[in-house]
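Colleague: What follows is each chain in one-letter form.
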Amino acid sequence: MFFNSLSFAIFLPIVFLLYWFVFHKNKTTQNTVLIVASYYFYSCWDWRFLFLLVFSTLLDFFSAIMMENSTSDKKRKFWLWITIGINLGFLGVFKYYDFFAQSFADLLHSFGFQTNPVLLKLILPVGISFYTFHGLSYVIDIYYKRITAERNFIDYSLFVSYFPLLVAGPIERATHLLPQVKIKRHFNLQKAKEGVYQIIWGLVKKVVIADSCATYANAVFDNYETMNSLSLILGAVYFAFQIYGDFSGYSDIALGTSKLFGIDLLKNFNYPYFSRDIAEFWRRWHISLSSWFRDYLYIPLGGSKGGMWMKVRNTFIIFLVSGFWHGANWTYIVWGLINAIYFLPLLLQNKNRSNMGEIEMGWNVSSLKTIFNILLTFGLTSLAWIFFRAKNMTEAIGYIQKMITDFHFNSQYLSNERYNFELLFLVLVFVGVEWFNRSKIEPLSGKASWAKVAIAIMALMALGVYSDYKEFIYFQF
Amino acid sequence: MKQFLLFIGKILLLLLLSAFALDFIYTTVLAQSETRNKVENVMNSKPQNYDVIILGTSRANNHFVSELFEKEGLRTFNYGMSGAHLFETSLLLKLMVERGWHIKSILLETDLNLSNEKRDDGTFGRFMPFMHSSKTITEHFKNESDFTALYYVPFYRYIQFDAKVGFRAWYKTLINEPTNILHHNGYYPLGYNPKANMKNNIENLVPLRNRYFEEIKQICKANNINLITVTTPMCTNVKGMDYFKKVKAMYPEIKEYEHIVEGDEYFSSCGHLNDKGARLYTKKIIDDLFKK
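Residue numbers (our numbering), protein chains in the order written: chain R, 25 to 501; chain X, 6 to 297.
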């Protein structure tokens with residue numbers, strides 16, 4: 025059941041009505057209906073993996089209590105590592121086992137040894153990377169005594185399985201979400217309206233921008249050998265907007281949906297393509313994951329405390345792990361590595377926190393410099409996305425090589441029966457809308473909201489891609 | 006909560022009004038066009054006289070060179086459509102007859118397309134702008150599982166087939182941007198592709214006693230149209246060529262021409278002749294079937 029499907033359009037109003045009209049008595053009934061809805065939502069993909077979700081919930085819930093009840097640090101550490109081990113074990117088996125087995129076999133093969141690795145070829149349970157990290161943050165917070173262990177299983181289950189965030193985040197923190205599920209929610213008209221606006225805008229991003237870009241990006245990437253420089257550059261740009269529209273669109277729908285139930289989720293995107301440097305990009309892109317790695321990996325590794333070498337080492341570690349988190353493929357690891365390399369000059373010059381404020385624009389040279397920096401950052405990011413999109417390293421390198429050596433810039437007719445430049449206008453309009461609304465969560469609320477909603481609905485119907493249905497990219501992670 | 010439900014109601018009303026408005030705008034523009042594809046060309050046509058009308062899939066579209074028929078003094082148009090199934094071919098013929106076309110002969114490609122009776126979404130979508138204005142189309146589509154939604158839900162038909170009758174098609178029609186579909190009297194020549202995959206496997210295909218083929222035969226009989234049915238060439242490296250024997254056994258009237266052109270240099274892909282091959286093939290067809 026995808027957020028952009030008819031089944032979700034039926035599911036959501038039913039849950040909404042049950043939540044506010046039938047089971048609104050107290051927070052336990054509210055939470056119970058959301059848990060049942062969440063389990064149903066998850067089982068729509070594959071009911072068998074529901075057991076994994078329930079197991080993960082039970083494991084984290086009870087180990088957190090055991091950890092809190094432990095009198096010695098040794099025991100606390102034992103419960104922490106057993107929980108981390110089992111959680112990452114599941115993730116490892118389902119997501120990474122085949123990659124390691126195959127890579128090891130390839131390595132042996134390069135030394136002349138023939139092996140026949142046993143591959144599991146398991147289906148990846150949807151959302152496993154998200155809810156595993158979700159649960160890990162909780163037990164680590166308990167270990168460091170940042171929060172106390174949750175004793176109410178219903179509340180904790182909802183924290184883990186809450187359907188708007190279950191399959192592709194945002195990766196929530198117990199400190200943010202648990203307090204909200206521990207009290208009865210009262211209907212808030214303003215919040216609910218904000219939610220609806222955010223859902224509509226999220227759908228526009230997904231169905232109009234991401235899915236349109238996908239048809240062009242696929243046509244270019246799948247035939248990159250026959251493409252010229254212009255098509256390859258545009259293909260990379262289209263993919264950059266595809267992944268942004270796809271993932272931030274998903275996040276908007278998730279946040280908007282959650283607001284309908286009176287629960288705020290963590291902001292996941294903050295107009296990342298308007299970043300003035302790579303450090304700012306990573307403060308604006310997939311914020312819940314970036315901050316997770318910062319809090320639960322970078323800082324425990326020593327963060328910035330141990331001098332420049334330590335900073336550089338830790339930065340490379342979190343970027344590589346972040347790349348690997350996305351998938352078991354060398355392309356993701358290299359994507360992470362490239363971002364670390366982009367980050368390095370800023371780190372060495374201590375400029376990684378220089379663009380913290382809002383983007384100020386005016387008719388002056390400094391604004392020109394800002395625009396140049398934004399375009400440069402976007403260019404670097406798009407270049408790195410080529411590795412993320414490519415099926416393998418050969419394709420990524422071949423793509424970039426062709427892009428910088430072909431030197432033909434004429435319009436090309438693509439396999440999606442469109443010319444390579446045709447989507448540019450739509451992309452530019454989208455960029456314009458985002459630019460002029462960058463101080464808001466979404467562009468539909470505020471003045472003339474009805475007119476803007478009408479245009480968004482028209483755009484959804486007329487410009488959306490429906491016949492060539494695309495799943496959300498991040499569901500595979 | 007009451008205010009919120011009212012707010013949602015307004016959004017749903019806006020959605021409905023937008024759907025009606027867009028449906029009207031799209032239909033007005035797309036249903037008046039006649040030069041961007043073969044369906045609209047037939048739909049908006051006046052009565053015509055043809056010696057030969059060619060029908061079928063891309064294997065008709067790319068194989069029968071109309072110009073060679075014209076050279077023999079036969080007024081010809083190739084209405085073969087890439088991807089079309091006999092489901093749409095039969096409908097196109099019904100529409101031609103309905104519009105008072107006088108056709109002496111139909112040259113119908115009947116080979117791989119005999120293996121299914123389903124619709125082809127790409128071609129099916131082209132009929133959407135005319136769904137409400139043509140009873141023939143409505144009748145032909147009424148047994149489709151999504152007929153009710155396509156017919157009654159405003160704008161759904163354009164959403165469902167947006168690749169063919171979506172915003173891009175609407176915009177290009179609005180600005181009168183021509184296509185090359187109707188060039189060369191409907192024949193679409195293919196080039197030689199040295200990298201083409203010159204092998205195919207059709208072992209899983211089974212010819213059916215196809216109801217739409219039967220329908221075409223009946224229409225031709227009722228309207229005194231001479232129906233000529235032929236198979237068209239495949240490249241040499243095809244697994245399952247006995248399919249054509251099964252076709253012949255089921256329909257003895259279908260003439261076998263699948264081996265008439267041989268050699269990869271005459272093909273653009275395994276199932277499609279290039280222009281050079283198409284000319285050889287068409288010449289043979291004309292010599293055998295139209296000169297006697």
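If you're looking for bench data, these hints aren't it; they were derived computationally from the structure. Don't take every hint at face value.
Claimed, not checked - In silico contact screen, one side only, chain X against chain R (beta carbon under 7 Å); selected entries:
#1 6
#2 9
#3 20
#4 21
#5 23
#6 29
#7 158
#8 159
#9 161
#10 164
#11 167
#12 190
Just so you know, these numbers come straight off a predicted model, no measurement behind them. Quick reminder that beta carbons are idealized off the backbone N, C-alpha and C, glycines included.
Colleague: Hints first: check each against the structure and report whether it holds.
Modeller: Hint check results:
{"no.": "1", "hint": "6", "result": "holds, 5 Å"}
{"no.": "2", "hint": "9", "result": "holds, 5 Å"}
{"no.": "3", "hint": "20", "result": "holds, 6 Å"}
{"no.": "4", "hint": "21", "result": "violated, 10 Å"}
{"no.": "5", "hint": "23", "result": "holds, 5 Å"}
{"no.": "6", "hint": "29", "result": "violated, 13 Å"}
{"no.": "7", "hint": "158", "result": "violated, 11 Å"}
{"no.": "8", "hint": "159", "result": "violated, 10 Å"}
{"no.": "9", "hint": "161", "result": "violated, 10 Å"}
{"no.": "10", "hint": "164", "result": "holds, 5 Å"}
{"no.": "11", "hint": "167", "result": "holds, 5 Å"}
{"no.": "12", "hint": "190", "result": "violated, 22 Å"}
Violated hints, in rising order: 4, 6, 7, 8, 9, 12; the structure is consistent with all others.
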